[in-house]
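Protein chains in written order, with the working numbering: chain A, 0 to 160; chain B, 0 to 160.
Hints are computed from structural coordinates only; laboratory data are not their basis. Please read all numbers here as calculations on a predicted model, not as lab measurements. Heads up, a few of these hints could be off.
[Claimed, not checked] Estimated spans, in silico, between C-beta atoms of each pair: (1) K144/A to A89/B: 53 to 61 Å; (2) T88/A to R49/B: 39 to 47 Å; (3) N10/B to T5/A: 28 to 36 Å.
[Unchecked claim] Not close to chain B: a few residues of chain A, all C-beta gaps over 12 Å, as computed: (4) V21; (5) W45; (6) T124; (7) E151.
C-beta: ideal position from N, C-alpha, C; glycine also.
2 protein chains.
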Amino acid sequence: MSEQSTVGVSNLTLPNEREIRVERVFDAPPERVFAAYTDPELIPQWWGPRGTTTTVEELEPKTGGRWQFRSRGEDGSEIVFRGYFREVTAPERISQTFEWDGMPGYVSVDTASFERVGEQTRVVTTSIFHTAEERDGMIESGMEKGMNETYERLDELLAQG
Amino acid sequence: MSEQSTVGVSNLTLPNEREIRVERVFDAPPERVFAAYTDPELIPQWWGPRGTTTTVEELEPKTGGRWQFRSRGEDGSEIVFRGYFREVTAPERISQTFEWDGMPGYVSVDTASFERVGEQTRVVTTSIFHTAEERDGMIESGMEKGMNETYERLDELLAQG
Numbered sequence: 000m001s002e003q004s005t006v007g008v009s010n011l012t013l014p015n016e017r018e019i020r021v022e023r024v025f026d027a028p029p030e031r032v033f034a035a036y037t038d039p040e041l042i043p044q045w046w047g048p049r050g051t052t053t054t055v056e057e058l059e060p061k062t063g064g065r066w067q068f069r070s071r072g073e074d075g076s077e078i079v080f081r082g083y084f085r086e087v088t089a090p091e092r093i094s095q096t097f098e099w100d101g102m103p104g105y106v107s108v109d110t111a112s113f114e115r116v117g118e119q120t121r122v123v124t125t126s127i128f129h130t131a132e133e134r135d136g137m138i139e140s141g142m143e144k145g146m147n148e149t150y151e152r153l154d155e156l157l158a159q160g
Numbered sequence: 000m001s002e003q004s005t006v007g008v009s010n011l012t013l014p015n016e017r018e019i020r021v022e023r024v025f026d027a028p029p030e031r032v033f034a035a036y037t038d039p040e041l042i043p044q045w046w047g048p049r050g051t052t053t054t055v056e057e058l059e060p061k062t063g064g065r066w067q068f069r070s071r072g073e074d075g076s077e078i079v080f081r082g083y084f085r086e087v088t089a090p091e092r093i094s095q096t097f098e099w100d101g102m103p104g105y106v107s108v109d110t111a112s113f114e115r116v117g118e119q120t121r122v123v124t125t126s127i128f129h130t131a132e133e134r135d136g137m138i139e140s141g142m143e144k145g146m147n148e149t150y151e152r153l154d155e156l157l158a159q160g
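Using the sequences provided together with the hints, build the complete structure.
Encoded structure:
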C-alpha cells in the first residue's frame, strides 16, 4: 500500500534508471476505469492533453492485438501513437507497447494495474524503456504535464457517472 | 579489447539480467561485413539457420527505416521478423529493433558494432530486452544454436571473397 491515495493527484517516481512509475487514485470502481481504457467510444473523451482530439484508428484489447490512435493538436498537427497489447485482464491489468511515429524503433512497455480501494481505484502504471536515455528523454519531453491533463480529463469523464 | 579473437568462434556473455552480448571475429574488413548486413542481395545468402530461406521484404537501412524478412523453414513454415533501424553508420554501427510475428509487443534492441582488427572485423552485438524474462526466453528458445549456424553461413559467404 502506498501513502499516496488522494483522488486527483499523480505520484510520479523513478524506481530505477529505465522506469517511470505513476500512481493515481480515481473516484470510480475498477470496472469503470478499465472500460475508459479499453472502450473505443470512451477513449476519445479523455485520452491526450487538453486541446488535442484523439481518433481511435485500431483497438484490439487482447494479447497480441494492435492499437493505434491519431492525436490532432489545436494547430492541426497530427501525431500517431501505436503499439501492441501484451496482456489484457479485465478489470485488473493492461500491458501494452507504446510508440509514436516521430521516433520509430523507440518502444516502451506500459503496464497499468487497477486495484480496488473501496469504491475507488488505484491505478499504478509502470513504463519500462530499453535505456536510461530513452526514459530521460520521455521525462524531458514534458510528459508529466501532458499526463496530468490527460488524467484530469479522465477524472471529469468518470465524474459524469 | 577482448581476449576472444578467433575467427569462427562466438563468445556469448550476459552482462546484466536483460542483455545478451555476442562477440565474433570475421575474416574480412568492416566494409565487407557491414555490406553483408545491409545489402538485400547478400542477406538471403547467410541470414538465418541452415535450411531456412530468407526473403527480404523491406530493407531501408537508415534511421527510422523499416526492415522485414520472411524466413521459410524446410517444412514450409514461415516466420516474419521485422523492426526499425535506430542508427546506421557505415561501416561502424547498426542499431535496430527486432520483433517476430509470433510475439507482437516483445521488442529487443540489437546493436552491432564493427571494429577493424588488421584485415579482420570484430563484431560485438548487444541485444537489450525490456525485462529479464524476455531475455531468458530468447536464450531458452535455442537462439545460440541458430545464431552459430547463421554466423557460419556468414563466414562462408565472406570466404567467397
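Hint by hint, here is what the structure shows:
no., hint, in the structure
1, K144/A to A89/B: 53 to 61 Å, "violated (40 Å)"
2, T88/A to R49/B: 39 to 47 Å, "holds (40 Å)"
3, N10/B to T5/A: 28 to 36 Å, "violated (53 Å)"
4, V21, "holds (17 Å)"
5, W45, "holds (23 Å)"
6, T124, "holds (15 Å)"
7, E151, "holds (29 Å)"
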